[in-house]
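Undergrad: Turn these sequences into a full structure, and let the hints steer you where they fit.
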Amino acid sequence: MDTLVKTSLFSGICSLVTLPYVVAETIGIQELQFCTFFNNRGPKPQPNLRNCTWFGKNSCCMQEEIDAEFSTMKPIPGASLTCQRYTNYFLCYICAPYQNSFYIRERLTVCEEFCDAWYDACRSAILKGSVISSLHKNGRDFCRSRSYEVDTVANQKCYMYDPQMKSMAPREQYFRFYSGLLTFIMLLVYVS
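In mature numbering (1 follows the signal peptide of the UniProt record, and there is no 0), the protein residues as written are -24 to -1, 1 to 168.
Heads up, a few of these hints could be off.
[Stated by the list, open to error] Subject to a maximum C-alpha distance of 16 Å in a straight line, what follows is the list of computed EDC-like cross-link-like pairs (lysine to aspartate or glutamate):
(1) 20 - 41
(2) 20 - 40
(3) 113 - 96
Keep in mind that the hints were calculated from the coordinates and are not lab data.
TA: This is how it looks when you write it as structure tokens:
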């Protein structure tokens, strides 16, 4: 390969590689994490969490705050184990280090996809004396009835449950993907 072709190829690849970082920064992927539920303090390691343990490496909550928050919750009659797990994960939003993207001005925004899965898991449970599926037609309706805002995961401004990577927000998955892509492309350039 002559120098001009290598330079053009390298410039083109660099443009492709930097584009995700520009897009990521534009949509807030690399924004600073802070804990809007707790007066904007910074998240920090909490290795002794007994619940919400997936947030232990970087958490907005402390164990005593989880205890205080969860102690006010009553068990949901008729809730399956899956329903209980979704509900528990939902309550752990107070620990999420990226909560500044979904808890704004004391308003919680939950991903519609999470609402749908949570609703499906809890549809036969009892809420206010009635079966949840008779009270609400879908997950969006269920979450909105609880006074939560609802948005899609694609907008990256909502709380989402990921059973594969419990502690990882969609924005962190996106960033890790492009970090890996950058490494792969740089290896291709150096091998050529």
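Undergrad: Against this structure, judge whether each hint is valid.
TA: Here is what the structure says about each hint:
A C-alpha spacing of about 14 Å is found between residue 20 and residue 41, which places the hinted pair at or below 16 Å, so the restraint holds. Annotation: proposed proximity of residue 20 to residue 40 holds, straight-line Cα distance about 15 Å (limit 16 Å). Between the alpha carbons of residue 113 and residue 96 the distance comes to roughly 10 Å, so the proposed pair stays at or under 16 Å and holds.
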